[in-house]
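Peer 1: Sequence:
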Amino acid sequence: MGQVLHGSATTTEAIRRAIQNSQESLRTLAKRYGINQKTVAKWKKRPSVADLPTGPREPRSTMLSLEEEAIIVAFRKHTLLPLDDCLYALQPTIPHLKRSSLHRCLQRHGISRLPEVEGDKPGKKEVQALPDRLFPHRHRRSAHGRRQAPPLRSHRPDLQVRLCGTA
Numbered sequence: 016m017g018q019v020l021h022g023s024a025t026t027t028e029a030i031r032r033a034i035q036n037s038q039e040s041l042r043t044l045a046k047r048y049g050i051n052q053k054t055v056a057k058w059k060k061r062p063s064v065a066d067l068p069t070g071p072r073e074p075r076s077t078m079l080s081l082e083e084e085a086i087i088v089a090f091r092k093h094t095l096l097p098l099d100d101c102l103y104a105l106q107p108t109i110p111h112l113k114r115s116s117l118h119r120c121l122q123r124h125g126i127s128r129l130p131e132v133e134g135d136k137p138g139k140k141e142v143q144a145l146p147d148r149l150f151p152h153r154h155r156r157s158a159h160g161r162r163q164a165p166p167l168r169s170h171r172p173d174l175q176v177r178l179c180g181t182a
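Count along the sequence shown from 1, add 15, and you get the number used in our numbering.
Hints are computed from structural coordinates only; laboratory data are not their basis. Hints should not be assumed to be uniformly reliable.
[What the hints assert, rightly or not] Pairs of lysine-lysine residues, derived as DSS-like cross-links and limited to a Cα-Cα distance of at most 25 Å, are as follows:
{"id": "1", "residue 1": "46", "residue 2": "60"}
{"id": "2", "residue 1": "46", "residue 2": "59"}
{"id": "3", "residue 1": "60", "residue 2": "92"}
{"id": "4", "residue 1": "46", "residue 2": "57"}
Keep in mind the model is a prediction, meaning the values are calculated, not measured.
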């Protein structure tokens with residue numbers, strides 16, 4: 016099974032390992048693998064062959080300041096209101112607040128989902144276990160491995176079954 020690379024990757028882990036273990040010059044290795052000398056130099060000085068994550072180390076909002084995010088987080092933790100209610104309550108304080116930026120802020124801080132409250136939803140009822148003979152669509156396996164319908168009247172031998180139109 017092949018290695019999954021991102022779109023702009025120019026080397027695989029095998030090539031990176033070969034670069035790190037090689038004593039040849041940067042120019043020679045770059046020509047051999049068809050990559051830039053800077054890429055070869057980068058992989059030579061790295062301790063592992065794994066790709067480093069790209070993007071910011073700590074994601075932050077471009078719409079909200081740190082103070083506004085702190086207000087949002089404190090409000091949500093204190094009131095435990097749903098997303099839309101938080102939005103309507105906070106919009107007078109933060110006029111440029113949008114529903115999407117509020118949701119992303121709550122997700123970043125791990126409070127986008129409200130905790131489950133007892134009695135909020137009706138409880139699940141347990142299903143009563145019924146014997147297989149009450150479900151004619153369920154078949155049992157016979158001793159020979161064939162499917163066979165379960166006997167329906169074995170538990171009530173005194174029950175008489177009549178067809179419609181007969182006396």
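Peer 1: Could you run down the list of hints and mark each one as holding or not?
Peer 2: Here is how each hint holds up against the structure:
no.: 1; hint: 46 with 60; result: 19 Å, holds
no.: 2; hint: 46 with 59; result: 15 Å, holds
no.: 3; hint: 60 with 92; result: 45 Å, violated
no.: 4; hint: 46 with 57; result: 15 Å, holds
Going through the hint list in order, the structure does not satisfy hint 3, though it satisfies all others.
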